[in-house]
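All chains should be modelled from the sequences, with the hints used to inform the complete structure.
Residue numbers (our numbering): 14 to 172.
Certain hints may be false.
[Said to hold, decoys possible] Straight-line C-alpha distance at most 27 Å; calculated DSSO-like pairs for lysine-lysine: (1) 88 - 134; (2) 15 - 88; (3) 134 - 79; (4) 15 - 79; (5) 134 - 15.
Hints listed in this document are in silico derivations from the structure and should not be mistaken for laboratory results.
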Amino acid sequence: MKLVDILEPGRIVHRLAATTKAQVLRELVQRGLVPPEANTELGVADEDQIVRVLEERERLGSTGIKDGLAIPHGKLERIDQIVACLGLAPQGIDFGALDGQPSRIFIVLLAPESAGGLHLKALARISRVFSDASLHQRLLDAADVETVWREITAEDQRY
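Right, dumping it as structure tokens:
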């Protein structure tokens with residue numbers, strides 16, 4: 014599985030306006046997963062349900078990993094494929110990360126309820142692609158979504 018199989022440029026939020034964990038989750042769902050113009054299996058009516066699933070997962074333990082990366086994730090019955098979105102917050106947001114540092118790169122991952130193995134493979138792929146700290150800086154310095162997408166696809170091809 015490649016990251017480009019589950020993420021697309023229309024699901025990248027170049028600059029998050031959010032300042033709290035709850036706002037990050039809501040904004041990524043609204044702008045990255047269910048924007049009105051998106052041709053997607055996720056409808057606007059699902060927005061609250063998606064946020065609830067992500068918040069429930071966060072209550073189990075923060076998905077803020079380390080080095081400014083957070084991977085909020087969850088499973089939904091209503092979808093039939095794995096989908097991801099990415100948001101950038103150069104200013105950093107307290108996401109309760111394991112290393113105590115603010116998170117700057119957020120990747121929301123949603124998977125079908127029945128896709129346990131694929132869900133884990135997608136999480137592993139994200140961790141692998143985003144293991145390079147220099148990629149983090151290039152994404153945060155990127156001027157636009159197109160540049161972010163080029164950086165991600167280039168890194169994804171390396172592995």
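Evaluated hints:
| no. | hint | in the structure |
| --- | --- | --- |
| 1 | 88 - 134 | 14 Å, holds |
| 2 | 15 - 88 | 19 Å, holds |
| 3 | 134 - 79 | 19 Å, holds |
| 4 | 15 - 79 | 22 Å, holds |
| 5 | 134 - 15 | 10 Å, holds |
In this structure, none of the earlier numbered hints is contradicted; all agree with it.
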